[in-house]
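Start from the sequences, fold in the hints, and give me the full structure.
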Amino acid sequence: MKNATKHADNLKSLFKKLLKEGKPEPRQLIDPLRAMVIGILSYDTSDGRPSEAMKVIDREFVDINELRVATELEVISLIGEKYPGIEQRALLFREILNAIFEKEHTLSLTRVKELSRKDARLLLRELPEMTPFVEAYTTLFGLDEPAVPLDDSMLAVLKNAEAIEPETSLDEAQKFVESHIKGDDCYEFYCVLRRAALKKGK
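According to our numbering, the sequence shown holds residues 5 to 206 in order.
If you are wondering where the hints come from, they were derived from the structure by calculation, not from laboratory data. Take the hints with a grain of salt, since some may be wrong.
Said to hold, decoys possible - Here are the simulated SDA-like pairs of lysine to any residue, each with C-alpha atoms no more than 20 Å apart in a straight line:
id	residue 1	residue 2
1	Lys16	Ala165
2	Lys117	Ala165
3	Lys203	Thr75
4	Lys24	Lys204
5	Lys24	Asp156
Quantities reported herein were computed from a predicted structural model and do not represent experimental measurements.
This is the structure in structure tokens:
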């Protein structure tokens, strides 16, 4: 990235500034497959919506395997047509969950937890339709490994703070951020950056 040193300094300054507005609650780890489902529901939307959608999923489906075999229309109908980007999210459920089932011969990410961090992230990134946000969310909350989920609203905050170049993609931004934010700080950085993005979007 051009002007990498300048952007790295701006990134760290942004982190310090956002932390002053309050530290996040301690991270709660969850099952990796459930983390993936929540990740699919969480990008570019408010924090309350994924929680409500998960209540519907837990009520209507016995387990995530039932969600896997549900049609996109069923998912859209259950979660609601007004949910932001619901068509794309329904597609992600179908493509990603079915790819895991075919690859692992079961709907589970247990084996992934046994891989090295590099191999685990590579496996997740290679799943069809996978996005930087969902992959990193699964890694951070499901695999207990450092990662920074980024969506478009968070990317805009980074660009506004000149922490990255204006033309930087989500994938490029994620790699840059993760290379300059300490592993132990990834969760806090994700939380405060998301908070800033949601505040800006109001």
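* To do: Take the C-alpha atoms of lysine 117 and alanine 165, compute the straight-line distance between them, and say whether it is at most 20 Å.
  => With a Cα-Cα distance of about 35 Å, the restraint between lysine 117 and alanine 165 is violated, given a limit of 20 Å.
* To do: With a cut-off of 20 Å on the C-alpha distance, tell me whether lysine 24 and lysine 204 pass.
  => holds (17 Å)
* Are the Cα atoms of lysine 24 and aspartate 156 separated by 20 Å or less? -> violated (23 Å)
* Below or equal to 20 Å on CA atoms is what counts here, so check lysine 16 against alanine 165. => holds (10 Å)
* lysine 203 paired with threonine 75 [C-alpha distance capped at 20 Å] -> Distance of about 34 Å is beyond 20 Å: violated.
Figure legend: structure checked against the earlier numbered hints; hints not met, in rising order: 2, 3 and 5.
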